[in-house]
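Here the protein sequences line up with chains A and B, keeping their order.
Number 47 in our numbering belongs to position 47 of the first sequence; there are no gaps in the numbering.
To get our numbering, take the position in the second sequence, counting from 1, and add 296.
Hints are computed from structural coordinates only; laboratory data are not their basis.
Some clues are possibly wrong.
[As the list claims (entries may be wrong)] Below, in silico cross-link-like pairs of lysine-lysine (PhoX-like), each with a Cα-Cα straight-line distance of 25 Å or less:
id, chain 1, residue 1, chain 2, residue 2
1, A, Lys149, A, Lys202
2, A, Lys202, B, Lys518
3, B, Lys498, A, Lys223
4, A, Lys202, B, Lys514
5, A, Lys202, B, Lys498
6, A, Lys242, A, Lys8
7, A, Lys202, B, Lys519
8, A, Lys180, B, Lys498
9, A, Lys202, B, Lys476
10, A, Lys222, B, Lys498
[As the list claims (entries may be wrong)] Among chain B residues calculated to face chain A with C-beta under 8 Å, some are:
id, residue
11, Ile305
12, Ala308
13, Thr481
All C-beta atoms in this analysis are idealised placements derived from N, C-alpha and C, irrespective of residue type, glycine included.
Letter by letter, the chains look like this.
2 protein chains.
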Amino acid sequence: MSEIISGKIISAQINRELRTEVDQLKTKGIEPCLAVVLVGEDPASEVYVRNKKRTCEEIGIRSIGHNLPDTTTQEELETLVQNLNSDPVIHGILCQFPLPGDLDETQVIQTFSPEKDVDGLHPMNAGLIAMGQPRFISCTPYGVLQMLKRSGISTSGKNAVVLGRSNLVGRPIATLLSSKGWDSTVTVCHSRTADLAEVTSKADILIAAIGIPEFVTKNMVKKGAVVIDVGINRIDDPSKTKGSRLVGDVAFEEVEAKASFITTVPGGVGPMTIAMLMVNTVNASRWQNGLTEMNL
Amino acid sequence: MSEIISGKIISAQINRELRTEVDQLKTKGIEPCLAVVLVGEDPASEVYVRNKKRTCEEIGIRSIGHNLPDTTTQEELETLVQNLNSDPVIHGILCQFPLPGDLDETQVIQTFSPEKDVDGLHPMNAGLIAMGQPRFISCTPYGVLQMLKRSGISTSGKNAVVLGRSNLVGRPIATLLSSKGWDSTVTVCHSRTADLAEVTSKADILIAAIGIPEFVTKNMVKKGAVVIDVGINRIDDPSKTKGSRLVGDVAFEEVEAKASFITTVPGGVGPMTIAMLMVNTVNASRWQNGLTEMNL
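Bound conformation, chain A alone (with noise of 0.2 Å):
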């Protein structure tokens, strides 16, 4: 039996911290504000945004709403970002994906400024994660870092496999993990890799981010790992009233048994994602206003 790190816990524990760090930065005249701009009808995009919004109000984050209709043009929409940009008011753009119709994520993405870009996409961000001098970390792979920081596993000199190198999770992920201060000797996997079994067989940390269904099994998983499963994939399941549920790229039951610590889906690294969008927005203003990040 493993013990269980809970997604749940920890960003709620995150928030509660964010809003005492809120409060002392108002009393600097510091009101950190994120910019929100949701683009057509996408009901699952709705409620994303709606998440967004209710966690800036409960810690005291000022958001601003955009919503545009699905006809906005590539034009329109790169506007309004600059507008953003260079509005001192806002701190941080999130600006809800997938786009609608031909809208083009990655021109958008690429107007964005990079200091306001709380989502971590622009590449000029990925590079500094690349060369050692993080500043936004994209949420998933800041979040799978703070639940391993924060259930005190220690990663100096372990073995990291990382399963899946996807530019926004596995690559930031293993890049992260093996950088100073972090320290882990991190292997990458993927489809293309050879006795894949083997390989993660000796990961004393295993992050599965794969996007395949219970994909990780107990043969796979080395007595006494830390597994944390990035995965959330909808299945089948005629006996949910929805006829489907969720579960992760890890075969929970069987990999719990083998495993120290595991994350569970949902429940894991999903809430752990606002959580860190909402520090990513907060260290933008601390930024912007001259301030070092917060110390997490």
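Got chain A sorted already, so can you dock chain B onto it with the hints?
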């Protein structure tokens, strides 16, 4: 006995291809042009700059030198870079490091237009690598990749171990080798790695970039491995007229007996770096004229 991967031969081959490419570009009215900025009179830097200019000349790339006194201020240097950024004749900007005195290299790098950063030093270009859309790859990692490719070494599904996690060498090599198209399973090792020899001796491809003379010994290398030595270290040797000689990070003689392919120091990765700077400069001129990159 292993086969030697010769950086001298491969770089000469690349330079010949570049010469042909530049001739063709000139028929289209495009003359690739590199601005070469040297501050102060460091003898080693003067040699490097001279070699780069000479290679430009051999290939047909125009080079424009800017030799500034070591009394140059940060502002003067950045003003020069900004002028070069906006000069349409200039496709690439090289500033020879280290800079003398208190001049801030990081600040200068961030002044480069990322589109003209042919040394691949700007965080934006590091970020594009991290995001799987490389533009300018810095010259040493790019040279290593070309040595593997042009020696017919298959990387897909192979275990690659990168010894060293520096921003400019270990990190980008690891990221590129694990990215799509290269598809190795990459492990990054460093000073905090436990059981280093155990990890390195699993490597089908071992890249040594740790900066310690002859650190990699035969017990750390798998029989038949491909060994790329990025290190350039000067050690005492009373038998030489200079009293010293250059060695790599690999104990060449004993490892050569075990490897299938190996590079030498000197004559290995070293000669590749100027060739790759030339490739980046030619590609800069192509991109700035709406063409795609060369097929290398």
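Here is how each hint holds up against the structure:
With a C-alpha separation of about 21 Å, the suggested pair Lys149/A and Lys202/A falls inside the 25 Å cut-off, and the hint holds. Taken as a hint, the Lys202/A and Lys518/B pair is honoured in the structure, with Cα atoms around 18 Å apart against an allowance of 25 Å. For the hint pairing Lys498/B with Lys223/A, the CA-to-CA distance comes to about 22 Å; that is within 25 Å, so the pair holds. Under the criterion of a C-alpha separation no larger than 25 Å, the hint pairing Lys202/A with Lys514/B is consistent with the structure, at around 23 Å.
With a C-alpha separation of about 12 Å, the suggested pair Lys202/A and Lys498/B falls inside the 25 Å cut-off, and the hint holds. For the hint pairing Lys242/A with Lys8/A, the CA-to-CA distance comes to about 23 Å; that is within 25 Å, so the pair holds. Among the hinted pairs, Lys202/A with Lys519/B is consistent with the structure: their alpha-carbon atoms are about 22 Å apart, no more than 25 Å. Distance restraint check for Lys180/A and Lys498/B: the Cα-Cα separation of roughly 24 Å lies within the 25 Å cut-off, and the hinted pair is therefore satisfied.
The suggested pairing of Lys202/A with Lys476/B holds, with an alpha-carbon distance near 24 Å, which does not exceed 25 Å. A distance of roughly 18 Å separates the Cα atoms of Lys222/A and Lys498/B; the hinted pair therefore holds under the 25 Å criterion. With a least beta-carbon distance of about 30 Å to chain A, the hint placing Ile305/B at the interface is violated under the 8 Å criterion. Checking Ala308/B against chain A by beta carbon gives a least distance of about 31 Å; that is not within 8 Å, so the hint is violated.
The interface hint given for Thr481/B holds, since its Cβ lies 4 Å from the closest Cβ of chain A, which is under the 8 Å cut-off.
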